[in-house]
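Chains B and C: place on chain A using the hints.
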Amino acid sequence: MRYKSRRSKLFIVALLFLFPLLGLSQVPERVPKPDFETDYIRPDFLTPTPRATALEYIDIGVLIVALFLATYFAHKQRSRQNIFLLMVFSLAYFGFYRKGCICPIGAIQNVTYALFNPAYAIPVFVIVFFVLPLVLALFYGRTFCAAVCPLGAIQDAVVLKPTNVPGGLAAVLSVLPYLYLGLAVLLAATGAGFIICQYDPFIGFFRFGADFNMVIFGLSMLLLGTVVARPYCRFLCPYGVLLNWMSRLSKRHVGITPDECNNCRLCEESCPFGAIKKPDEAAPPANREAEVKKLAFIIVLLPIVVFGSGWIGSRLEIPLSRLHANVSLAEEILLENSGQRTELTDETKAFRASGKPTEELFAEASAIQRQFKVGGWILGGFIGLILCLKLINLFMRRRQSEYYVDKGTCLSCGRCFSYCPYEQVRLGIITPKEAEKMGSKEVKIKQFRA
Amino acid sequence: MLSFKQKKKRLLTIAVIAVSVAGILYFGYKAIRDNSARSQGNPFEYDIEDFKKSGAALVHYTEVGQIHIELRFVSGVSVGPDDRIYVSGDDSLLIFNGDGILHSTISMVGPAYCLFVDKNHDLYLGMDDHVEVYDRRGAKKSSWESLGEEAIITSIAVSENNVFVADAGNHIVWKLDKSGNRLKRIGEKDEARDIPGFIIPSPFFDVALDPDGFLWVANTGRHSLENYTKDGDFRTSWGEFSMEIEGFSGCCNPSHFAILEDGSFVTSEKGLARVKVYNRIGELVSVVALPDQFIEGTVGLDLAVDSSQRIYVLDPRQKLVRIFEKKQL
Amino acid sequence: MIDKTSKKPLKRRDFIRKSLHAVAGLTIGGLAGILFSKSSSEEMVWQLDPNICIQCEKCSVNCVLPHSAVKCVHSYSVCGYCDLCSGYLQPGTKVRDTGAESQLCPSGALKRTYVEDPYFEYTIDEKLCVGCGKCVKGCNSFGNGSLYLQTRHDRCLNCNQCSIARRCPSQAWNRVPASRSYILKGDEKKKFLKS
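Residue numbers (our numbering), protein chains in the order written: chain A, 1115 to 1564; chain B, 58 to 386; chain C, 3 to 197.
These are calculated hints, taken from the structure and not from any lab test. Take the hints with a grain of salt, since some may be wrong.
Cross-link-like lysine-lysine pairs, in silico, DSS-like; alpha carbons within 25 angstroms at most [what the hints assert, rightly or not]:
| no. | chain 1 | residue 1 | chain 2 | residue 2 |
| --- | --- | --- | --- | --- |
| 1 | A | Lys1190 | C | Lys20 |
| 2 | B | Lys287 | B | Lys241 |
| 3 | A | Lys1147 | C | Lys13 |
| 4 | B | Lys62 | A | Lys1275 |
| 5 | B | Lys66 | A | Lys1275 |
| 6 | A | Lys1213 | C | Lys129 |
| 7 | A | Lys1521 | C | Lys13 |
| 8 | A | Lys1407 | A | Lys1504 |
| 9 | A | Lys1365 | C | Lys13 |
| 10 | A | Lys1147 | C | Lys196 |
| 11 | A | Lys1463 | B | Lys376 |
| 12 | A | Lys1504 | C | Lys20 |
| 13 | B | Lys110 | A | Lys1463 |
| 14 | A | Lys1213 | B | Lys383 |
| 15 | A | Lys1463 | B | Lys109 |
| 16 | C | Lys20 | A | Lys1521 |
| 17 | A | Lys1147 | C | Lys113 |
| 18 | C | Lys96 | B | Lys110 |
| 19 | C | Lys192 | A | Lys1147 |
| 20 | A | Lys1470 | B | Lys376 |
Computed spacing ranges between beta-carbons, pair by pair [to be verified]:
| no. | chain 1 | residue 1 | chain 2 | residue 2 | range |
| --- | --- | --- | --- | --- | --- |
| 21 | C | Ala24 | A | Arg1466 | 37 to 43 angstroms |
| 22 | A | Leu1458 | B | Tyr86 | 27 to 33 angstroms |
| 23 | B | Gln385 | C | Gly94 | 34 to 40 angstroms |
| 24 | C | Thr29 | A | Thr1277 | 35 to 41 angstroms |
| 25 | B | Arg337 | C | Ser104 | 30 to 36 angstroms |
| 26 | B | Glu340 | A | Pro1162 | 48 to 54 angstroms |
| 27 | B | Phe61 | A | Phe1421 | 53 to 59 angstroms |
| 28 | C | Ala24 | A | Ala1233 | 30 to 36 angstroms |
| 29 | B | Asp247 | A | Pro1162 | 29 to 35 angstroms |
| 30 | B | Glu353 | C | Gly32 | 32 to 38 angstroms |
| 31 | B | Asp148 | C | Asp156 | 37 to 43 angstroms |
| 32 | A | Gly1422 | C | Gly32 | 28 to 34 angstroms |
| 33 | A | Glu1151 | B | Lys110 | 36 to 42 angstroms |
Stretch by stretch, here's where chain B covers chain A in the computed footprint (C-beta under 8 angstroms, at least three residues) [claimed, not checked]:
| no. | region |
| --- | --- |
| 34 | 1145-1159 |
| 35 | 1320-1330 |
| 36 | 1464-1474 |
Computed from a predicted structure; not experimentally measured. Glycine residues also receive a C-beta, built at the ideal position from the N, C-alpha and C atoms.
The shape of chain A in the complex, shown without the other chains (with noise of 0.2 angstroms):
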């Protein structure tokens, strides 16, 4: 569906804002008073006001004050216990005492939208809460979603026995939050709506009330979150791909160890995120010649994909932009107007209410469909960025002697800390000659678990 424009941009988007100022109707308020004989006083009018800006300045204050308690734990302390606890805190404070509004998630549209709508004045606090767990991301990884995220918490709580999800089918699925993040991104540019609010999965349990389906939505990720550990984390939450970003590049990250790595081999299994990698063996020589070839190939072949993936996504240009209520209005009132629908939506009433020109809602239409076909584009083409370099990430090899963490995947939660016999030695349990034969022979991880 095409319509006809010829108007400038500038103008439709200064419309765009001058229209609701506007209003139905210009005419100006006049009413008469009655002309009452007794003394009657009309009562007052009340007007109840929001929750006070000084709260959102203690909710800042309770982020700095759990980022920093988190970090510390996690880095100084490396006491799982004390980051549970902060956690527990962290879902009573950010879910459902401030029911889940606003979180660093949804910020995300609230920072894209104030990027692009010159009309939208973001608040503080919200940039407070989209920046500064990033930072300190960028510096000491992701202890945001070890004990602050409300929504990490609530799946954290219900991790029963987690199984490992299979590494082909992990990597197909952490595609995903790049989809959502793209996605996101893009609707809440074009001002058609903010996606990760709307099918947050547990925001109604922090609220204690949603839609029927988005309830059991959520009862379904926390039933898998039992046997898959926090699914939503990782493989839908969009912030989590730009904490996982800061969190390759940040300057101290949590290890699995206080001291060196021996290979023992205890905590192996001891990640229910599988963010533990285990020691690679360099490649036979004979192999890698064809390897390299193979990389080469996929090099080659990056701007390919990048361009193809990037011409699918501006072919979702239409149904993409049906998301936008002006644009799905436009269509509906064309089908109107052609005679091809003969009732009239609430939406298309309202609309023929107003007395805007057709003309006006079809160029918004149009301007609209033109900001989802760029956004399309670069938004397939992200993908295909993504899924190539997925793809390279399989073909290299790191050499490396020893388990690690995956910095980017890696939560900071603490739980494979205990595993490791030097932690143990740290915590004064057991000997430092004790820890060293651990790595020579397969211990029960039982024993060391007080």
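Structure of chains B and C alone, referenced to chain A:
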């Protein structure tokens, strides 16, 4: 080989994964679908549809023309002695000749809410709280004193020597001379003189003179048209509340009226936007237009009548002057 | 991404890592800078513009709260205090009394009190009001529109994405600064904007 216990455990895990993934996919899909689904009716609908159809058999008029008004907000219409059409709105007054072609434009300071063109082609404009008089070329002749802080001028009628100004804010009709001196307050509640008093809940309060020179005022809160002598003595009234076609609907109607040559009345209502003709004694004789001819939410249809008894209806929502003529039988 | 194939001594890898770290830091810093330049210290809250509202009743069912935060409010300065109130009485009713069968409000939240002949005062019991907007439509159709819907901020959770706003057919919902959290009518509007 896995032990039985391990097998059982694995099976349980797989079952949990299967159930939860199915739940996520199905209910996630349903949530997305429900969000894109369109509305299905309103159980709390305020329903006046049946009343909108009331009176269809009495429609004796047909729309013969429309004049588009290029203004943001339109307030009043009047027809001059030469059948020119005068429309006020925004900060200006538009004058159309009988064919609906724009003849000239007069600019004022602030909007006029009502207007009257007298036999000498003088224009009386009801501004927010005072009256301004212009000559036929658009030159300002005078600007009268404000009728008070509370004043909300909604209608003007001019006779040979007097000007009658309906003031919704003070709930009275002012009688003034042609230089703007206040002579009388007409219609103040006075039980001794049997004057019921005007109840004017909304800024619609119309006034007109009949061919015999008597003053008619729309007492909207009482759903009636009241008749006064020029000195303010109450003579008679007619009109009753009804959502059906016979009466005046809603809280306060008729919002406007005009008087035809033979002394019968053209009335308009808000809420149920309908225009009707009553004879001199207040019996309904014809319907000019029914609500389905207006956009929902159209409020305040000002009326005027020309020398050939055509009815001019100002549609403020569509910004039109709509001309109705009696059907030839 | 990090060049993991590098066979050179670790120094180069370190250098790349450090520069990427700096780039990431600068990006966040820059982004924060841009955002702060567009920011307001005030919170934004959701409100509906009664001048655009079409009383479709979506407000009453789409709020995340069990009882919608949207309630009917009454600008007394705009009200005509009519005996025959089209926001209070059923459209066809012949009697003007407080009988349940003559009342328009499905939950009996709109109360009518006699002031003096012929005036009646109308007040809203917010505990009973469901925000369906039926009275608003009645009042708007015939009267001055003194009854209208507003989000009550003592109830509203201020979700980041208001679930009513995205289903509003007339796009009447917007984010407004917390200090201007109501969109009112008449004298109430003037008084609110002054405070």
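Structure-based check of all given hints:
1. Taking the CA atoms of lysine 1190 of chain A and lysine 20 of chain C, the gap is near 23 angstroms; set against the 25 angstroms cutoff, the hint holds.
2. Taking the CA atoms of lysine 287 of chain B and lysine 241 of chain B, the gap is about 10 angstroms. The hint holds against a cut of 25 angstroms.
3. This hinted pair does not check out: lysine 1147 of chain A and lysine 13 of chain C have alpha carbons roughly 83 angstroms apart, beyond 25 angstroms.
4. The suggested pairing of lysine 62 of chain B with lysine 1275 of chain A holds, with an alpha-carbon distance near 15 angstroms, which does not exceed 25 angstroms.
5. Using a Cα cut-off of 25 angstroms, the hinted pair lysine 66 of chain B and lysine 1275 of chain A holds, with the two alpha carbons roughly 10 angstroms apart.
6. For the suggested pair lysine 1213 of chain A and lysine 129 of chain C, the alpha carbons sit about 22 angstroms apart, so the restraint of at most 25 angstroms is met.
7. Straight-line distance between C-alpha atoms of lysine 1521 of chain A and lysine 13 of chain C comes to about 20 angstroms, which keeps the hinted pair within the 25 angstroms bound.
8. Restraint check for lysine 1407 of chain A and lysine 1504 of chain A: the C-alpha separation of about 17 angstroms stays at or below 25 angstroms, so the hint holds.
9. Between lysine 1365 of chain A and lysine 13 of chain C the CA atoms are separated by roughly 15 angstroms; this keeps the pair inside 25 angstroms, and the hint holds.
10. Pair hint lysine 1147 of chain A plus lysine 196 of chain C holds up; C-alpha atoms about 21 angstroms apart against a cutoff of 25 angstroms.
11. For the suggested pair lysine 1463 of chain A and lysine 376 of chain B, the alpha carbons sit about 19 angstroms apart, so the restraint of at most 25 angstroms is met.
12. A hinted pair counts as satisfied when its Cα atoms are at most 25 angstroms apart, and lysine 1504 of chain A with lysine 20 of chain C qualifies at roughly 22 angstroms.
13. Taking the CA atoms of lysine 110 of chain B and lysine 1463 of chain A, the gap is about 20 angstroms. The hint holds against a cut of 25 angstroms.
14. Straight-line distance between C-alpha atoms of lysine 1213 of chain A and lysine 383 of chain B comes to about 65 angstroms, which puts the hinted pair past the 25 angstroms bound.
15. Taken as a hint, the lysine 1463 of chain A and lysine 109 of chain B pair is honoured in the structure, with Cα atoms around 17 angstroms apart against an allowance of 25 angstroms.
16. Between lysine 20 of chain C and lysine 1521 of chain A the CA atoms are separated by roughly 15 angstroms; this keeps the pair inside 25 angstroms, and the hint holds.
17. A threshold of 25 angstroms between alpha carbons decides the hint, and for lysine 1147 of chain A with lysine 113 of chain C the separation of about 20 angstroms falls inside it, so the pair holds.
18. With a C-alpha separation of about 19 angstroms, the suggested pairing of lysine 96 of chain C with lysine 110 of chain B holds against the 25 angstroms cut-off.
19. Simply put, lysine 192 of chain C and lysine 1147 of chain A have alpha-carbon atoms about 16 angstroms apart, close enough for the 25 angstroms limit, and the pair holds.
20. Of the supplied pair hints, the one linking lysine 1470 of chain A and lysine 376 of chain B holds, its CA atoms being roughly 13 angstroms apart against a limit of 25 angstroms.
21. Checked against the hint of 37 to 43 angstroms, the pair alanine 24 of chain C and arginine 1466 of chain A fails, with Cβ atoms roughly 56 angstroms apart.
22. Distance hint for leucine 1458 of chain A and tyrosine 86 of chain B: a CB-CB separation of about 28 angstroms, consistent with the stated range 27 to 33 angstroms.
23. Checked against the given bound of 34 to 40 angstroms, the beta carbons of glutamine 385 of chain B and glycine 94 of chain C, roughly 36 angstroms apart, stay inside it.
24. Between threonine 29 of chain C and threonine 1277 of chain A the beta carbons are some 37 angstroms apart, a value that agrees with the proposed interval 35 to 41 angstroms.
25. For the pair arginine 337 of chain B and serine 104 of chain C, the beta carbons lie near 35 angstroms from each other, so the given range of 30 to 36 angstroms is met.
26. The beta-carbon spacing between glutamate 340 of chain B and proline 1162 of chain A, approximately 53 angstroms, falls within the hinted interval of 48 to 54 angstroms.
27. Phenylalanine 61 of chain B and phenylalanine 1421 of chain A have their C-beta atoms about 54 angstroms apart, which keeps the hinted 53 to 59 angstroms range intact.
28. Evaluation of the 30 to 36 angstroms hint for alanine 24 of chain C and alanine 1233 of chain A yields a pass: the beta carbon distance comes to about 34 angstroms.
29. With their beta carbons about 45 angstroms apart, aspartate 247 of chain B and proline 1162 of chain A fall outside the hinted range of 29 to 35 angstroms.
30. Look at glutamate 353 of chain B against glycine 32 of chain C: about 51 angstroms separates their beta carbons, and that is not inside 32 to 38 angstroms.
31. Checked against the given bound of 37 to 43 angstroms, the beta carbons of aspartate 148 of chain B and aspartate 156 of chain C, roughly 42 angstroms apart, stay inside it.
32. With their beta carbons about 31 angstroms apart, glycine 1422 of chain A and glycine 32 of chain C fall inside the hinted range of 28 to 34 angstroms.
33. At about 41 angstroms, the beta-carbon gap between glutamate 1151 of chain A and lysine 110 of chain B stays in the expected band of 36 to 42 angstroms.
34. Only residues whose beta carbon comes within less than 8 angstroms of a beta carbon in chain B count, and the region 1145-1159 of chain A has 5; three or more means the coverage holds.
35. A count of 4 residues in the region 1320-1330 of chain A with a Cβ less than 8 angstroms from any Cβ of chain B is obtained; the coverage claim is therefore met, three being the minimum.
36. Coverage of a stretch by a chain is defined here by at least three residues with a beta carbon nearer than 8 angstroms to that chain's beta carbons; for the region 1464-1474 of chain A and chain B the count is 3, and the condition holds.
Hint violations for this structure: numbers 3, 14, 21, 29, 30, all remaining hints satisfied.
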